[in-house]
Every structure is written in structure tokens, then in C-alpha cells.
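From first to last, the protein sequence lines stand for chains A and B. Every letter in the first sequence is one number past the one before it in my numbering, and letter 97, counting from 1, is 97. Every letter in the second sequence is one number past the one before it in my numbering, and letter 291, counting from 1, is 291.
These aren't lab readings, by the way, just hints derived from the structure by calculation. Take these hints with a grain of salt, some might be off.
As the list makes no split between identical chains, a pair holds if one copy fits it or if it spans any two.
Stated by the list, open to error - No more than 27 Å apart at the CA atoms, straight line, and that leaves these computed lysine-lysine pairs for DSSO-like:
(1) K43 / K390
(2) K175 / K390
(3) K271 / K175
(4) K228 / K21
(5) K43 / K271
(6) K267 / K43
(7) K43 / K359
(8) K310 / K231
(9) K359 / K175
(10) K232 / K21
(11) K33 / K310
(12) K175 / K267
(13) K359 / K228
(14) K232 / K310
(15) K21 / K390
Take a look at the letters that make up each chain.
There are 2 protein chains.
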Amino acid sequence: MKREVGIIGVGMTKFGEFWEKNYRDLITEAGVKAMTDAGIEGKDVDELYVGSMTPGMFINQEHVAALVADYAGLTGIPATRVEAACASGGLALRQAYLNIKSGISDIVVAGGVEKMTDVSVSTATVALAGASDEEWEVFHGATFPALYALMARRHMLEYGTTEEQMAMVAVKNHKNGALNPNAQYPFEITLEKAMNSAPIASPIKLMDCSPISDGAAVIVMASAEKIKEMKKDNAVWILGSGQSSDTLALHDRASLCRTEAAVRAAKTAYKMAGVGPRDIEFAEVHDCFTIAEIMAIEALGFCNFGEGGKMTERGETALNGSKPVNTSGGLKSKGHPVGATGIAQAIEATLQLRGTADKRQVKGAKIGLTHNVGGSGATAVVHVYGRDSK
Amino acid sequence: MKREVGIIGVGMTKFGEFWEKNYRDLITEAGVKAMTDAGIEGKDVDELYVGSMTPGMFINQEHVAALVADYAGLTGIPATRVEAACASGGLALRQAYLNIKSGISDIVVAGGVEKMTDVSVSTATVALAGASDEEWEVFHGATFPALYALMARRHMLEYGTTEEQMAMVAVKNHKNGALNPNAQYPFEITLEKAMNSAPIASPIKLMDCSPISDGAAVIVMASAEKIKEMKKDNAVWILGSGQSSDTLALHDRASLCRTEAAVRAAKTAYKMAGVGPRDIEFAEVHDCFTIAEIMAIEALGFCNFGEGGKMTERGETALNGSKPVNTSGGLKSKGHPVGATGIAQAIEATLQLRGTADKRQVKGAKIGLTHNVGGSGATAVVHVYGRDSK
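Take these sequences, add in the hints, and give me the full structure.
Here it is, written out as C-alpha cells:
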């Protein structure tokens with residue numbers, strides 16, 4: 001059952017607030033870029049996956065995969081939407097990978113898209129709340145900042161993590177994002193600005209939160225046989241793919257501040273790739289809130305549980321650190337159109353491993369990782385990528 | 001790349017209006033039945049797919065696959081929601097099939113669920129409209145009965161199909177559904193009652209429409225190796241799996257009354273199974289409206305284009321006809337909790353091929369088919385099932 005799979009094309013829109021572009025425009029723009037990058041035409045595509053969290057709530061539209069196939073000129077191919085809240089993009093990547101591995105398809109397109117800014121902030125909050133447990137959390141008034149605030153408080157209590165350490169995640173990611181032309185907020189911020197930003201759900205402040213964004217990201221994946229046939233020499237290989245789930249409701253979990261689904265997904269991905277945390281040279285992780293990045297680097301085994309804040313403070317996750325995290329700027333600076341995020345992470349991994357990440361380049365990187373989370377951690381998807389195939 | 005896949009367990013709730021059961025109750029009930037039928041426990045399940053159209057609009061809840069895994073006691077396994085409107089269940093089945101074929105999993109659960117009756121009829125209409133093109137159809141006031149009315153009018157004009165022939169689909173399906181203990185409307189209706197029912201969007205009358213329903217359906221699938229190991233002797237085999245897409249908007253299609261996505265999906269499934277329309281001994285087709293069944297049997301090649309109405313009138317699609325269609329009662333009589341429908345179709349196929357469909361049994365059936373459609377036909381999923389593996 002060995003059938004290697006690689007990424008041969010990537011394309012994304014800038015992330016931001018785009019009143020002049022609709023959902024269809026965004027995904028088509030990203031798709032055309034990805035297919036051009038791959039050097040393929042519509043007729044070459046066997047199948048399509050689209051990750052999108054809640055187009056029903058944001059633009060009154062479901063059935064979006066067929067819609068995307070239609071607008072991208074791919075009408076007729078199987079088109080499947082997948083959803084696990086903010087991990088929808090990661091799911092699209094994994095299903096495309098499984099599809100090629102099954103031998104059914106040779107070239108599969110995986111896209112992610114969300115158009116979040118055409119509704120009021122209150123509607124967006126309700127839409128995003130759909131990622132948490134409606135009956136046990138939303139009904140009682142818990143929004144996402146509140147849920148992550150609970151996780152942050154517990155992390156502070158158990159491990160002594162500080163608000164400054166959380167703010168340092170934001171400062172680092174903005175520093176990276178300032179180098180990314182596709183970032184929604186491509187500018188640096190100071191620790192002082194982060195610490196003095198408005199409280200949202202204490203200890204979470206405005207600068208601990210990723211924004212509401214519009215955007216799309218698309219990758220083209222192919223089997224090793226097809227890549228050989230196409231004589232592609234810049235393919236980036238999927239070495240490992242892991243996904244896991246946890247309870248939707250925070251209160252049902254063994255720990256408030258350990259994301260066990262991510263631990264399990266990483267374990268699967270590492271095992272498949274035949275690597276460990278020490279082999280990872282850079283990672284894109286799901287920093288929907290700054291505490292989420294701290295919990296992510298712990299779950300991925302980059303440090304022990306409880307040491308994520310200190311590792312950040314020591315500068316190890318900075319672009320020039322020993323383990324660069326979120327070189328793209330992460331969700332915090334690059335933006336977070338929820339369905340697109342998992343695919344945008346894969347794009348950053350591809351650019352890094354191609355050696356074309358420009359000023360964000362991690363020199364000589366051969367192995368990278370992405371970590372995409374749904375809700376407060378009920379879904380986690382981890383992929384390991386290599387410049388060389390297994 | 002040959003790795004056969006079979007269905008080893010099935011379970012569903014009765015379809016209907018259940019004020020005392022929520023989304024979680026429904027899918028858990030169906031899941032427990034399916035796993036009991038398969039003779040497996042939670043620890044045996046490698047992965048989960050859930051088809052659900054718009055829980056965001058119906059119950060304010062997205063991220064439902066992880067939720068279902070949680071409530072079914074399957075926490076920790078990869079849990080993926082798939083969506084293509086009313087074809088969401090068919091997508092879950094196909095992704096589970098691809099997953100096993102890829103060699104990643106041995107036992108995968110595919111479920112479908114929708115809880116549609118907790119909102120007002122107007123909200124349900126808006127939610128369902130998400131399956132059609134928001135910008136080109138919904139915005140202009142076209143609801144689903146209206147879209148299918150356009151298709152029906154064109155079918156009548158091109159082929160001379162009559163309102164009586166459409167009504168005969170409803171009469172036949174209610175006759176079958178009266179034999180199905182899980183049907184929402186398990187009673188017979190007369191041609192007179194159907195013809196005299198209230199106009200909804202002329203020529204479509206109330207008795208041409210499938211209902212709004214609550215319900216869930218689950219199947220357990222496994223690799224041939226696992227089935228052999230488990231010594232399962234009643235497995236039903238997936239011989240072919242096809243999916244295709246078309247434009248969301250009706251006006252963009254070459255024909256208003258030929259569902260090309262279904263034609264393509266059937267072609268793929270037939271080819272993979274090594275069979276043709278003549279070999280199919282029974283079929284569950286997507287009769288969301290009676291005209292949809294007429295277009296379905298044409299697209300599947302059971303008759304020529306334009307002859308679906310006449311074939312129905314001749315009684316060929318009746319339970320005792322030469323090509324029984326919708327022995328379960330179809331969406332019309334059994335009910336149509338949209339995400340569950342594709343899986344419920346697979347359950348009927350399994351019961352028929354096991355020879356356990358009771359009073360609905362098609363005697364000696366060895367090969368059957370299911371046809372699941374999203375929207376007005378922008379997604380179609382066709383599966384061919386066999387009592388024996390290839």
C-alpha cells in the first residue's frame with residue numbers, strides 16, 4: 001500500500017477584508033494560481049476537496065464544492081466539501097491524500113475558503129460558535145475567546161505561564177507576518193502594544209486573538225507516478241498524515257490545557273513519516289489565540305507540557321530560533337479565514353521546502369510540519385512534509 | 001490497487017418528526033444499532049465519516065463529526081464531516097470506501113443525520129435553499145419545489161411526461177413504504193389523492209414532494225481482509241463507486257431535465273463494477289420530488305431519456321416489476337432527513353442483498369444500486385452493491 005503523494009502546485013489570495021470579492025472570486029483566484037503553479041489544466045484534475053467551515057451561516061450557501069468546481073471550470077469531477085470547523089482545510093488536505101493513496105485519482109485539488117466579513121460581528125460570533133458544543137457551551141454564553149481564556153487560565157495556574165509569554169507569541173508572529181505579502185496584518189507590534197491591548201476575555205486581549213478574515217488557499221497534489229511522468233522536480237512530499245478527535249465540550253476533557261487530539265494526530269503523523277519532533281525544522285501551528293500556539297508546541301513534542309511559554313520567551317520559536325514556528329505570520333498576523341487556514345499552512349510548508357519562502361526562509365529546511373485545529377481542540381490534523389520522498 | 005470493501009453492519013432510526021430526540025440522540029441510536037449488527041465495539045473502529053447538510057442552520061452546530069464521535073464513545077478517532085447538500089450521506093459512504101481502499105483503515109463507520117423539524121418551515125426552506133445557487137437562484141426567490149417544477153415542465157414539454165405519471169411515482173413509493181417499519185409515512189395513497197393534493201409549485205403538488213424529516217442512518221464498512229478475519233458471511237460488497245458534479249445553477253446546464261452528473265457518476269460506478277444497467281436488480285434512487293425519480297431512472301440507463309414516466313406507468317419500477325425502484329418507500333414515503341438519506345439507501349441495498357428485506361424483498365437479488373443527489377443535481381453519487389465480491 002505504498003503510494004507516495006506530493007504537492008505540485010500552490011496558490012492563495014491575500015487574506016484580509018475584501019468587500020469587492022465574493023466567495024467564488026476568492027477560491028477561483030487561489031485555484032487558478034495553484035493550477036498555474038502546478039502547470040496543469042482543468043482537464044488534468046481528477047477530483048476536488050473543499051474545506052469550508054460554515055458558508056451556510058456566512059453567505060447562505062451550502063453545497064460549495066460543486067459550486068467551486070463549477071466556477072473553476074472543473075464541472076463534472078467529484079467535488080466534496082469537508083468540515084471540522086477551523087480544521088476544515090486540514091481535512092481537505094488529508095482526504096485528497098487518502099484519495100490519491102487509494103489509487104482512485106492521480107491529481108487531486110484541495111482548497112479551503114471562507115468569506116467571513118460580509119456579516120455582522122455578532123453573526124460571525126454565532127457562526128464560529130458552531131465549532132463548540134451548542135448545548136453545553138454556546139447555550140450558556142461561552143464564545144471562543146471565553147473558551148480559550150479558560151484554557152489559558154488553567155495553563156497559567158498549572159505551569160506558571162504568563163500573559164507576557166502569550167503576548168510574545170503575537171509579537172513573534174507579527175514579526176514573521178510583516179515579511180509575508182499575503183498577510184492580513186503585515187506589520188510588527190511591540191510587546192507593550194500587545195500587553196496594553198483591550199481585554200476580550202481575560203487573560204485574553206485583542207492582540208492574543210486571530211482576526212476574522214476573507215481568503216482562500218489551494219494546493220494541487222499528485223501521485224509519485226504522475227509527478228515522475230510530469231518531470232516535476234520541486235514536488236514537496238507528504239511524509240505523514242494524522243487526524244484525531246476529542247470531546248467538543250471542554251469540561252469533558254481530562255485536561256483543560258492539554259490538547260490530546262493534537263498529541264494523537266502528531267503521533268500518527270510522526271510514525272507514518274518515520275520522524276520525531278526533533279527532526280522537524282519548522283512548523284505552522286494553529287495560533288487562533290496565542291495560548292493555542294503555546295499548547296500546540298507542547299502537544300507536538302517540541303517541548304514538555306508546561307514549557308511552551310518559556311520556550312517562546314527564550315526565542316526558540318522565532319524565525320532565527322532553533323525551532324521556527326509560524327514563519328508565515330500564523331493565524332494571528334496572516335489572518336484566519338477559517339476554512340482556508342489548513343491549506344494556507346500547507347502552502348507555507350511547501351514554500352519553505354522549495355526554498356522559495358523569500359525573507360521568511362528557514363535555511364536548508366528539509367522537513368516541516370503543519371498543525372490545524374478545529375474548535376477548542378476537538379479536531380486536530382497534523383501533516384509532516386519532506387523535500388525528499390520517503 | 002485491488003482492496004475490496006464490504007458493508008458489515010447497518011442501523012437506522014425511524015424517520016419522522018421527533019420532538020423528544022435531538023441530533024445527538026438520533027445518530028447515536030443509529031450508530032449503536034449498526035455496530036451491534038456488525039458485531040463490533042468502539043475500539044474496533046478506525047475512522048468515522050458523517051454526512052450532514054446544514055446542522056449550522058438547523059441546530060446552530062457545526063463540527064458535528066467530532067461531536068458524533070464523542071457521543072458514540074469513539075473519541076480519539078479521525079472524524080470527518082462531508083457535505084454536498086442532500087447527497088451528503090452518499091459522500092460519507094464514498095469517502096469511507098476510499099479510506100479503506102487507501103489501506104489507512106480496516107473498519108470505518110459512515111453515518112448520515114439531519115434534525116430538520118426543530119426550526120420553522122420558513123427557516124427550513126432557507127436552509128435547504130443553500131443547496132442551490134444563492135446568487136442566481138435563491139436571491140430571485142426560487143425554492144426547491146420551484147426548481148424541480150422547472151425541470152418537470154421541461155420534461156413534460158420535451159417528452160410528453162404527464163402529471164399522472166409523476167403521481168404514480170408517489171403511489172408506488174407509498175405502497176413500498178407501507179411495508180417499511182422505519183418509514184415516516186408508512187401508508188398507501190391513491191392516484192386520486194396524489195392528483196388532488198395541494199399545488200406547491202405547479203406542476204408539483206404536495207404528494208410529489210418528499211417531507212422534512214428527522215433521522216439518522218449508519219453503516220459499518222470493512223476491508224475484505226478484516227471481513228475474512230471476522231468470519232462475516234453476510235457482508236454486502238461495494239462493487240462500484242461513482243461521484244460527479246454539475247453546475248449549481250439550473251440555467252447553466254445543457255439540459256434542464258437530464259441530470260448529467262448522475263449519468264457520469266453511474267458510468268463510473270458501472271465501469272468499476274463491471275456491470276451495466278441491465279444487471280441491476282433493484283435501485284434506491286433520489287426521489288426528493290417525483291420528477292426526480294423519473295429523471296433518475298433515465299440517467300441510470302434503466303430506460304431511454306424521456307421514457308421514465310412511461311416506464312413508471314407500465315409498472316416496471318414497482319416492487320413486483322422488472323426493475324423495482326425505491327423498495328424502501330424512497331424519500332417520498334420513508335422520509336428525507338437530508339444528510340441521512342444516502343446512508344439509508346445503502347442500508348436498503350444491504351437488507352435486499354442479505355435477503356432480509358422482509359415484505360419488501362426482491363427475490364434472489366444479487367446486484368443493486370443507490371443514487372443520491374445534491375440540490376437540483378449538481379452532485380450525484382452512485383454505488384453498485386453485490387451479494388458476492390468481484
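For each hint, the structure was consulted:
no. : hint        : verdict
1   : K43 / K390  : neither (29 Å within a copy, 30 Å between copies)
2   : K175 / K390 : neither (33 Å within a copy, 58 Å between copies)
3   : K271 / K175 : neither (33 Å within a copy, 54 Å between copies)
4   : K228 / K21  : neither (37 Å within a copy, 54 Å between copies)
5   : K43 / K271  : between (35 Å within a copy, 20 Å between copies)
6   : K267 / K43  : between (37 Å within a copy, 18 Å between copies)
7   : K43 / K359  : neither (35 Å within a copy, 47 Å between copies)
8   : K310 / K231 : neither (45 Å within a copy, 54 Å between copies)
9   : K359 / K175 : within (11 Å within a copy, 70 Å between copies)
10  : K232 / K21  : neither (33 Å within a copy, 54 Å between copies)
11  : K33 / K310  : neither (39 Å within a copy, 49 Å between copies)
12  : K175 / K267 : neither (30 Å within a copy, 53 Å between copies)
13  : K359 / K228 : neither (30 Å within a copy, 55 Å between copies)
14  : K232 / K310 : neither (42 Å within a copy, 54 Å between copies)
15  : K21 / K390  : neither (41 Å within a copy, 49 Å between copies)
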